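Top to bottom, those sequences are chains A and B.
First residue of the first sequence? That's 1 in this note's numbering, and the numbers climb one at a time after it.
First residue of the second sequence? That's 1001 in this note's numbering, and the numbers climb one at a time after it.
Warning: the hint list may mix true and false statements.
What the hints assert, rightly or not - List of simulated lysine to any residue pairs, SDA-like, C-alpha gap at most 20 Å:
hint : chain 1 : residue 1 : chain 2 : residue 2
1    : B       : LYS1047   : B       : MET1033
2    : B       : LYS1138   : A       : PHE160
3    : B       : LYS1095   : B       : PHE1139
4    : B       : LYS1047   : B       : ILE1007
5    : B       : LYS1138   : A       : SER83
6    : B       : LYS1133   : A       : ARG169
7    : B       : LYS1127   : A       : ASP199
8    : B       : LYS1127   : A       : ILE203
9    : B       : LYS1127   : A       : ARG89
10   : B       : LYS1104   : A       : MET8
11   : A       : LYS144    : A       : PRO255
12   : B       : LYS1138   : A       : ARG188
13   : A       : LYS141    : A       : PRO278
14   : B       : LYS1127   : A       : ARG194
15   : B       : LYS1133   : A       : ILE203
16   : B       : LYS1104   : A       : PRO190
17   : B       : LYS1127   : A       : LYS80
18   : B       : LYS1095   : A       : TYR192
19   : A       : LYS80     : B       : GLU1113
20   : B       : LYS1133   : A       : SER83
21   : B       : LYS1104   : B       : ILE1071
22   : A       : LYS159    : B       : ARG1131
23   : B       : LYS1092   : B       : LYS1104
24   : B       : LYS1104   : A       : PRO255
25   : B       : LYS1138   : A       : GLN200
26   : A       : LYS159    : B       : VAL1077
27   : B       : LYS1104   : A       : PHE160
28   : B       : LYS1055   : B       : MET1033
No wet-lab data here; the hints were simulated from the structure.
Computed from a prediction, not measured in an experiment: that's the story for all the values here.
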Amino acid sequence: MRHLISPMDFSVEELDDLLALAKDIEDNPEKYAHACDGKKIATCFYEPSTRTRLSFEAAMLNLGGSVLGFSSADSSSAAKGESVSDTIRVISCYADICAMRHPKEGAPLVASQHATIPVINAGDGGHQHPTQTLTDLLTIKNLKGRLDHLTIGLCGDLKFGRTVHSLIRALVRYPGIRFILISPPELRLPSYIREGVLDQMGIPYEEVVRLEEAMSDLDILYMTRVQRERFFNEEDYIRMKDYYILNREKMALAPEDMLILHPLPRVNEISTEIDDDPRAVYFKQAQYGVYVRMALILTLLGIEV
Amino acid sequence: MLNVSGIREGYVLDHIKAGMSLQIYHDLRLDEMDVAVAIIRNARSSKMGKKDILKVECDINSLDLDILGFIDHNITVNIIKDEKIVEKKKLKLPKQVVNIIKCKNPRCITSIEQELDHIFLLADPEKEIYRCKYCEEKFDRK
Chain A
1 MRHLISPMDF
11 SVEELDDLLA
21 LAKDIEDNPE
31 KYAHACDGKK
41 IATCFYEPST
51 RTRLSFEAAM
61 LNLGGSVLGF
71 SSADSSSAAK
81 GESVSDTIRV
91 ISCYADICAM
101 RHPKEGAPLV
111 ASQHATIPVI
121 NAGDGGHQHP
131 TQTLTDLLTI
141 KNLKGRLDHL
151 TIGLCGDLKF
161 GRTVHSLIRA
171 LVRYPGIRFI
181 LISPPELRLP
191 SYIREGVLDQ
201 MGIPYEEVVR
211 LEEAMSDLDI
221 LYMTRVQRER
231 FFNEEDYIRM
241 KDYYILNREK
251 MALAPEDMLI
261 LHPLPRVNEI
271 STEIDDDPRA
281 VYFKQAQYGV
291 YVRMALILTL
301 LGIEV
Chain B
1001 MLNVSGIREG
1011 YVLDHIKAGM
1021 SLQIYHDLRL
1031 DEMDVAVAII
1041 RNARSSKMGK
1051 KDILKVECDI
1061 NSLDLDILGF
1071 IDHNITVNII
1081 KDEKIVEKKK
1091 LKLPKQVVNI
1101 IKCKNPRCIT
1111 SIEQELDHIF
1121 LLADPEKEIY
1131 RCKYCEEKFD
1141 RK
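Isolated chain A, as found in the complex:
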């Protein structure tokens, strides 16, 4: 049985197949409308999320399946002290596949070790968020036409931003990838990504503090939010949250064909005046998120259409 816990769980070839399937779903949605008739997805969300949970639910509904689940730890048996391993054993009796978000890092891995259904990591603490990565890859592939030979600027909270960590791991497997890491010193990439992935694989990268220094060089600008819930200290959050705001002035420095991606929700790191710029593709990206989750559900359930 397959799970998706880390973006590395799929080989490059498997990823290519998945992205091709997502593209076919986008082009021929009616072909897949009953692919999951009678199937159920459990969305087990131990911390609040709107778009990730809804996009999993939309994906399953688009495939003709149905959904069940919970959207906070308070409304689950975790509030009574049930362990993740016990919960997933029970969920395995109710559903055909499970998408799990948990504030503790590694919780979906624990679930996958005890599940009898495929488990999808829908975000674990500040660690991994592989389905956002699949969304990001599909967006880049479809709008740039390739996943290799790209200079990618990653901006904002690189320390706790799990989407960034997952995206780096996935992209380093393609040739000609270079990163520019744009963050305050306090929110730089953690060592397990910088040393454990970039240094170990000899991937070129620079670390800069100002967004303007990087703009002219980029094929992709990946913006992230400084997340309040990742801080232990409110003062640190308030001091850093407005460091990196993308506005028209900064966009004037960017190449004509640069794409702006953002996992959403944004707070104020991208000014709304940018939304109409053709380079701003973050809402399109949310749409791709549904297609890629549909492709993932089909792949993990082994359903061919």
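Please arrange chain B on chain A, whose structure you already have, making use of the hints.
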């Protein structure tokens, strides 16, 4: 000089950093086994100044020595049979260590689920870096 008699079959763990023998005694779970153990602390050593030595009389297949490679790969492991050293074992870094060290990341699932094993995987053999299997936090030896 302190004198501890030889053993018929078992292990002599030599060149243990002074003060570490009790930890190794526990990590090898010798406290849970019905075996004869001599713990020699602060013995004189020309190479190390002071060192600890552990002598364990037991079946030579009964100990998992992988963990010693994690604690200190400079320890000399002498395997004894019929009162003679039959092998000097070279220690290697184990691929994983279970319940020897604890993950200190407050965001790790092991911080709230007590029954989970604390498992660390060897991520970089050259730099001897171990990372938590669940959250990938690096284990800091300091």
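Here is how each hint holds up against the structure:
Restraint check for LYS1047/B and MET1033/B: the C-alpha separation of about 32 Å exceeds 20 Å, so the hint is violated. Distance check on the hinted pair: LYS1138/B and PHE160/A sit about 15 Å apart at the alpha-carbon level, within 20 Å; holds. The suggested pairing of LYS1095/B with PHE1139/B holds, with an alpha-carbon distance near 14 Å, which does not exceed 20 Å. Of the pairs offered as hints, the one joining LYS1047/B and ILE1007/B is violated, with about 24 Å between alpha carbons and a cut-off of 20 Å exceeded.
In summary, the hint linking LYS1138/B to SER83/A is not supported, as the alpha carbons are separated by about 25 Å, beyond the 20 Å threshold. For the proposed pair LYS1133/B and ARG169/A, the alpha carbon gap of about 16 Å is at most 20 Å, so the pair holds. As the CA atoms of LYS1127/B and ASP199/A are separated by approximately 12 Å, the hinted pair is consistent with the 20 Å bound. Annotation: proposed proximity of LYS1127/B to ILE203/A holds, straight-line Cα distance about 18 Å (limit 20 Å).
Distance check on the hinted pair: LYS1127/B and ARG89/A sit about 38 Å apart at the alpha-carbon level, beyond 20 Å; violated. The suggested pairing of LYS1104/B with MET8/A is violated, with an alpha-carbon distance near 25 Å, which exceeds 20 Å. Of the supplied pair hints, the one linking LYS144/A and PRO255/A holds, its CA atoms being roughly 13 Å apart against a limit of 20 Å. At most 20 Å may separate the alpha-carbon atoms for a hinted pair to count; LYS1138/B and ARG188/A meet this at roughly 16 Å.
The hinted pair formed by LYS141/A and PRO278/A meets the criterion: a straight-line CA distance of about 17 Å does not exceed 20 Å. Of the supplied pair hints, the one linking LYS1127/B and ARG194/A holds, its CA atoms being roughly 14 Å apart against a limit of 20 Å. Distance hint between LYS1133/B and ILE203/A is unfulfilled; the C-alpha atoms sit about 24 Å from each other, more than 20 Å. Taking the CA atoms of LYS1104/B and PRO190/A, the gap is about 15 Å. The hint holds against a cut of 20 Å.
For the hint linking LYS1127/B to LYS80/A, the alpha-carbon distance of about 42 Å lies beyond 20 Å, and the restraint is violated. For the hint linking LYS1095/B to TYR192/A, the alpha-carbon distance of about 17 Å falls within 20 Å, and the restraint holds. Annotation: proposed proximity of LYS80/A to GLU1113/B holds, straight-line Cα distance about 13 Å (limit 20 Å). Between LYS1133/B and SER83/A the CA atoms are separated by roughly 18 Å; this keeps the pair inside 20 Å, and the hint holds.
Taken as a hint, the LYS1104/B and ILE1071/B pair is honoured in the structure, with Cα atoms around 18 Å apart against an allowance of 20 Å. The suggested pairing of LYS159/A with ARG1131/B holds, with an alpha-carbon distance near 17 Å, which does not exceed 20 Å. Restraint check for LYS1092/B and LYS1104/B: not satisfied, since their Cα atoms lie roughly 25 Å apart, outside the 20 Å limit. Restraint check for LYS1104/B and PRO255/A: not satisfied, since their Cα atoms lie roughly 44 Å apart, outside the 20 Å limit.
Under the criterion of a C-alpha separation no larger than 20 Å, the hint pairing LYS1138/B with GLN200/A is consistent with the structure, at around 15 Å. A distance of roughly 42 Å separates the Cα atoms of LYS159/A and VAL1077/B; the hinted pair therefore is violated under the 20 Å criterion. With a C-alpha separation of about 16 Å, the suggested pair LYS1104/B and PHE160/A falls inside the 20 Å cut-off, and the hint holds. Distance check on the hinted pair: LYS1055/B and MET1033/B sit about 14 Å apart at the alpha-carbon level, within 20 Å; holds.
Of the numbered hints stated above, those contradicted by the structure are hints 1, 4, 5, 9, 10, 15, 17, 23, 24 and 26, listed in ascending order.
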